[in-house]
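Those sequence lines, one after another, are chains F and C. Take 1 as the starting number for the first sequence in this note's numbering and just add one per residue. Take 1 as the starting number for the second sequence in this note's numbering and just add one per residue.
Read the hints as simulated data drawn from the structure, not as lab findings. Only a predicted model underlies this, so the values are computations on that prediction, with no experimental measurement involved. Quick reminder that beta carbons are idealized off the backbone N, C-alpha and C, glycines included. Honestly, I wouldn't trust all of these hints.
Claimed, not checked - One side only, chain C facing chain F, incomplete, derived with CB under 8 Å:
#1 Phe363
#2 Asp365
#3 Val367
#4 Trp397
#5 Tyr402
#6 Gln532
There are 2 protein chains.
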Amino acid sequence: MGLLKTIPVFSPDPWSGYGYGADAGEVVLDGGSDPAKTEPLRWGDSHHPALSETGGKYDGRFIYINDRANGRIGMVDLRDFKTKQILDIPNLQTSHGGVFATPDTDYVHISSHTGAPLGAPDAFVELEDFAESFRGISTFLAVDQETGKCDLSESFQIELPPYTQDLADAGKLASDGFAFIPCFNTELATASTVDGAPLETSASKNDYDFLHVIDWRKAEEVVEAGKTEMVNGVRMIRLQTAIDEGILHFVPAPRSPHGVCVSPDGNYIVVSGKLDPTTSTYDIELIKRAIEEKTYQGTDVYGVPILDLDAVLVGLVEVGAGPLHTQFDAEGNAYTCMFIESSVAKWTLGPKAGVPESEAFKFVDKVSVHYNPGHLVNVGGDTTEPDGKYLVSMNKWSIDRYQTVGTLHPQNFQLIDLTGEKMRVLKDMPIGFGEPHYAQMVKADTIKAWETYPVGTDPLTMGPSEYATEPGNERIERDGDTVHVYMTAMRSHFTPDVIRVKKGDNVSLHITNIESTKDATHGFAIPGHNVQASIDPGEVVNIDFAANRSGDYAYYCTEFCSALHMEMQGWLLVEP
Amino acid sequence: MGLLKTIPVFSPDPWSGYGYGADAGEVVLDGGSDPAKTEPLRWGDSHHPALSETGGKYDGRFIYINDRANGRIGMVDLRDFKTKQILDIPNLQTSHGGVFATPDTDYVHISSHTGAPLGAPDAFVELEDFAESFRGISTFLAVDQETGKCDLSESFQIELPPYTQDLADAGKLASDGFAFIPCFNTELATASTVDGAPLETSASKNDYDFLHVIDWRKAEEVVEAGKTEMVNGVRMIRLQTAIDEGILHFVPAPRSPHGVCVSPDGNYIVVSGKLDPTTSTYDIELIKRAIEEKTYQGTDVYGVPILDLDAVLVGLVEVGAGPLHTQFDAEGNAYTCMFIESSVAKWTLGPKAGVPESEAFKFVDKVSVHYNPGHLVNVGGDTTEPDGKYLVSMNKWSIDRYQTVGTLHPQNFQLIDLTGEKMRVLKDMPIGFGEPHYAQMVKADTIKAWETYPVGTDPLTMGPSEYATEPGNERIERDGDTVHVYMTAMRSHFTPDVIRVKKGDNVSLHITNIESTKDATHGFAIPGHNVQASIDPGEVVNIDFAANRSGDYAYYCTEFCSALHMEMQGWLLVEP
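Take the sequences, apply the hints, and build the full model.
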């Protein structure tokens, strides 16, 4: 329960220099800011991470995470744990929990949270036209297997009704080729002025909302057959096409479900309605049969067929108040967190998960947590090979648990031992730097991170940089108003240690950390300028800035690198 | 060894919304960005925190921290743990370790690291004129005891030679009224092009550098007597005046000292030269006598009198390679971290600290740490009442200690038990979000933080906000092109939940979190806009932005506040 790293994705980070003048961060942040929009986005609400998978198991290559606020996705390369891409997804305004990788990471999925007007960007539509003009979106982002980056041109979207889509999951093994997305607000409520009641009331009326069952392999065929429209740069399967081609079906799910979780063998699909005290388990073979035999109980207002609940439901377990999210172990057990009653329930899956018929779908145990768990996670808990002897409950409130450190309180992770007859809370861990949402837990030996870069590496491409500078070849070259500085950094010196320019020049620094020792990171900062870079061993960092202040500026290393770290300094001399 | 909180000071922070459109953060960040400079600074290199003191003991009111990169200081109010002021200190370009509070927080001190040209802002001076035109600065910032803010008009500076001033400390009890600043680079080296050798060589030649001994009570009298010049908005005691008035003396200190630490009783001043294997201890009574009797061994090139080493040195203890920083316990022991040999040494002070004459100034014990401790800290370790049964060694490198998580590695804190005969490392704690420098450790019951704000509080003033909105009184008021929205937030609703404006309008949101329950923080974000606020219970947040995109934007709560948190949403409708 230690914090080894935080990775900046959507926001600048002063420690790593991400977004503070050094090119990799700026390039990634700018790349994720749609130029059609009015200001570069420097903020995100990162929510649901998805590790890349091979054969339904984490492979330690990449991790994807969405920006709930802006409908974007970020990709982190797990060789250096740095963000390589932010992609602004067309036709999506927000995205909550719709991120998962398909079992071989052919696609990374992201779906909308609140529906948005479908059409020209920044289209304005009256809320009274919500049902008609707003839409939800399911997006399958094609992944370049070399770089991990998402390629919009190979991707596709599926138009959905404007219900509020929530935490999605990929089918696997028995359910491979399917995607599952629960939703709430099938009431299509918007605001009190329209509905006469606040959203939390008007969106909580229906006894059943829906689980979207998407056949994405069939969708691929439909895309291949050209039955799509280009909408703002991405191929879209229209809602009617999705219905006609049998790509989209609904399953009734109890009141306002938050998440869906697929069992390790892919047989069981678990949904919990946050306003219902039960977990509902559906069987994928029954779902397939109901689709094939068109065992419908009707359609929704958009014509999407609703599978008959009795034909697909195999388990209903009463777990407690406010169930949100479920994880699994290798012995056929499921673990569900309850937000309202602040507890974690253990219950059994069915025979297909190795549970005897007589013990199937039964409540087993409960443990209290402090307070309000949003999610829980165990090792590989959403893969085909869960290995969970320990579970972490990610609690949103830490009230009464820690020293008060001001009006904004930490969250609280709690480690739960699953190995005994009763679950047992072993340890608390405060989280004092943000509000974690979803999490994934991977075995340490799955991660094959680089300890250093090969000397001369461009972190944007993970290959050799054209600006790599060897010791002895450091130089300053003027090209018109631009001054290129080819610099090396090693303990305890920047070469050159004097850069002389004129006020108004553009300065383009190319700094190579020529160290190959693990942890021999150097930093680079210039007083009075928004310039900060972290330069890891072997890395090449490019920094462009305008020398628009005259003066003598003592640039320096910002990482305590050596006994003579404080002498690791040079001078930017800007003549008036 | 848990992380309860990180406090944004010099950089925006998306979790707390600091600097992302909400006024408190923007006001503080902009206030610390000198408008004469060309871009607002959104980055700092926070280094040395100083808790406010009363009677030489931490009082839990405020904490100050410097920006090493830009010579600024930030003030955090420990009622809500939020930054209330950033002050750009005139005549100071950089500042490393020069921050301390005087024993009653009459002043907070900040001194320069690398000297800078003294004169007009952005003055350019050739490096060859370094000795003549560059200067170091010691700054005594007067503190408003109500707000904790520094008031430049009541503050003063002392001009110093352009040596590189480093980690300073305040005298206390026996040495009350004095300030101590070590320095290196008495060689006045600048760069290889000037000196013919890199700085780490040319600044490491002298066997002795200096400890500055500043009589700040005498300096106060000199300021009162008007013997100052206004230099860029602050009263400055010129170097010659400081010499003439007996305010500034030097004491020889072994090679390139990093820090100075004053013993709890104020009697002993400990300096370690980082290129010397010893700690040097000076006696304040001997220093006072040498000053009074002018027992000088000469002057430096600027005419500053150098006290005779033999007249003031009382202890020389060989501790190991690369000693940096020392903490104390209540039993007369000192603990010094060694950067180069990666260890912590325990040694004894002298008779005035209660140590028998025969045991005085002797090496006692050593413990290895992994690797390269920059600083160490125990409870109250730099106050008059240290209570250190445990020491934390803040190690810069964590090589071989943790799972590799990419090319930028965590730092490693290690907890050391001081209660046994031998020191013992008890626990490691990785630090995965930045590089900590100095630290202070305070007893939990000294901190009297607010759990919530009184409803309607402006965090900038900690008093009632003129924009506080009561339930039932929410409203939208147009004033020309500006639309004022008086909004309330409570579980699980924003009122109003529709804001209708025209493209081009300025929107001025005034949001009151009307909750009084601890931890019932709400967030506020607008998709597609750089707007994010954290609104703690009782807090009023003001957000101004231009509605320069048409469309329907689903603003929402970013803190998982309740079971219906995901329904806590409203609509910004921007007509074209």
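Evaluation of the provided hints:
Below 8 Å, beta-carbon pairs count as interface contacts, and C:Phe363 has none with chain F, the closest being about 21 Å; its hint is therefore violated. Hint status for C:Asp365: violated, given a least beta-carbon distance of 23 Å to chain F, over 8 Å. Hint status for C:Val367 relative to chain F: violated, with the closest Cβ pair at about 20 Å, above 8 Å. The interface hint given for C:Trp397 holds, since its Cβ lies 5 Å from the closest Cβ of chain F, which is under the 8 Å cut-off.
Annotation: C:Tyr402 was flagged as interfacial toward chain F, and the flag holds, the nearest CB pair being 6 Å apart, inside 8 Å. Using the Cβ-Cβ criterion of 8 Å, the hint placing C:Gln532 at the interface with chain F is satisfied: the shortest such distance is roughly 5 Å.
Violation of the numbered hints given earlier is confined to hints 1, 2 and 3; the remaining hints are satisfied by the structure.
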